[in-house]
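Peer 1: Mapping to our numbering: the sequence shown position 55 is 55, numbers consecutive.
Rather than coming from a laboratory, the hints here were simulated on the basis of the structure.
Mixed in with the good hints there might be a few duds.
[Claimed, not checked] Below, a list of computed lysine-lysine pairs in the DSS-like style, where the Cα atoms sit at most 25 Å apart: (1) K64 x K92; (2) K24 x K74; (3) K92 x K63; (4) K64 x K74; (5) K171 x K92.
[Unchecked claim] Beta-carbon label-pair distances, calculated as ranges: (6) H26 x G54: 30 to 36 Å; (7) N79 x N135: 37 to 43 Å; (8) D55 x Q158: 23 to 29 Å; (9) M95 x S150: 27 to 33 Å; (10) L17 x I59: 18 to 24 Å; (11) R159 x K63: 28 to 34 Å.
Quantities reported herein were computed from a predicted structural model and do not represent experimental measurements.
In this text, a Cβ means the ideal position worked out from N, Cα and C, and glycines have one as well.
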Amino acid sequence: MFFFGCVEAYIYGDYELAVNFAQKRHETGFDVPFYGMTDFFDCLSFLAMAHQSGDQKWILSAKKSISNIDYFAKICPSNCEHKLLLLQAEMKSIMGEVEEASSKYELAISAAERNEFIHEQAIANERAAEFSLRNGDSSRAAHHYGEAQSLFLRWGAQRKVDDLLMSIALKWGAQRKVDDLLMSIAL
């Protein structure tokens, strides 16, 4: 229950709730053996909290999870390489290593696509879009948001697509209508 709560909370951007679920799961000692999945979503949540708060405790927690994912990526790269690359991209982003982060996002997206992890490819595109927007590249952000939207639809997550479109509209300012935004994404 705590694992799936963490996943849903992360996907919908409620990072505080996601880390609460992760912490509760750790407190109960009931870690589900999903071979990297728990560490992946825990780490994404920790890194999101680090972005929001700047608190180093989240970085330390993330580093432990990245180490675990690194182990899984070595024994099963088709399942975990893209996870590791995305986590590395997020960490590089936090550290202000823009070029390295950008490269890792693209590698994560390609690896997820190659291994047919549609939902994680969508997440990687959404994260790459957020990164691009934070770094002033609205064209690249629009491209990655469009990819994320398409992939979430392929995954069957209409509610997430609706949430994503509303979130994008709010981030890009009230003066831009969702229809205008969709036109820029389609380009």
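Peer 1: Does K74 lie within 25 Å of K24 when you go C-alpha to C-alpha?
Peer 2: Cα-Cα ~28 Å, so violated.
Peer 1: With respect to the beta-carbon atoms only, verify the hint that L17 and I59 lie 18 to 24 Å apart.
Peer 2: holds, 20 Å
Peer 1: Indicate whether the distance between the beta carbons of H26 and G54 respects the range 30 to 36 Å.
Peer 2: violated, 23 Å
Peer 1: Within a Cα-Cα threshold of 25 Å, do K171 and K92 meet the stated pairing?
Peer 2: holds, 22 Å
Peer 1: K64 and K74: Cα distance at most 25 Å?
Peer 2: holds, 16 Å
Peer 1: CB of N79 to CB of N135, is that within 37 to 43 Å?
Peer 2: Distance hint for N79, N135 is violated at roughly 30 Å.
Peer 1: Given the proposed pairing of K64 with K92, does the C-alpha separation stay at or below 25 Å?
Peer 2: holds, 15 Å
Peer 1: Would the pair K92 and K63 pass a check requiring their Cα atoms to be no farther apart than 25 Å?
Peer 2: Roughly 12 Å separates the two Cα atoms, so the pair holds.
Peer 1: Taking the CB of M95 and the CB of S150, does the distance hold inside 27 to 33 Å?
Peer 2: holds, 30 Å
Peer 1: Measuring from beta carbon to beta carbon, are D55 and Q158 in 23 to 29 Å?
Peer 2: The hint (23 to 29 Å, Cβ to Cβ) is violated, given that D55 and Q158 are roughly 34 Å apart.
Peer 1: Should the hint that R159 and K63 are 28 to 34 Å apart at their CB atoms be regarded as holding?
Peer 2: holds, 33 Å
Hint violations for this structure: numbers 2, 6, 7, 8, all remaining hints satisfied.
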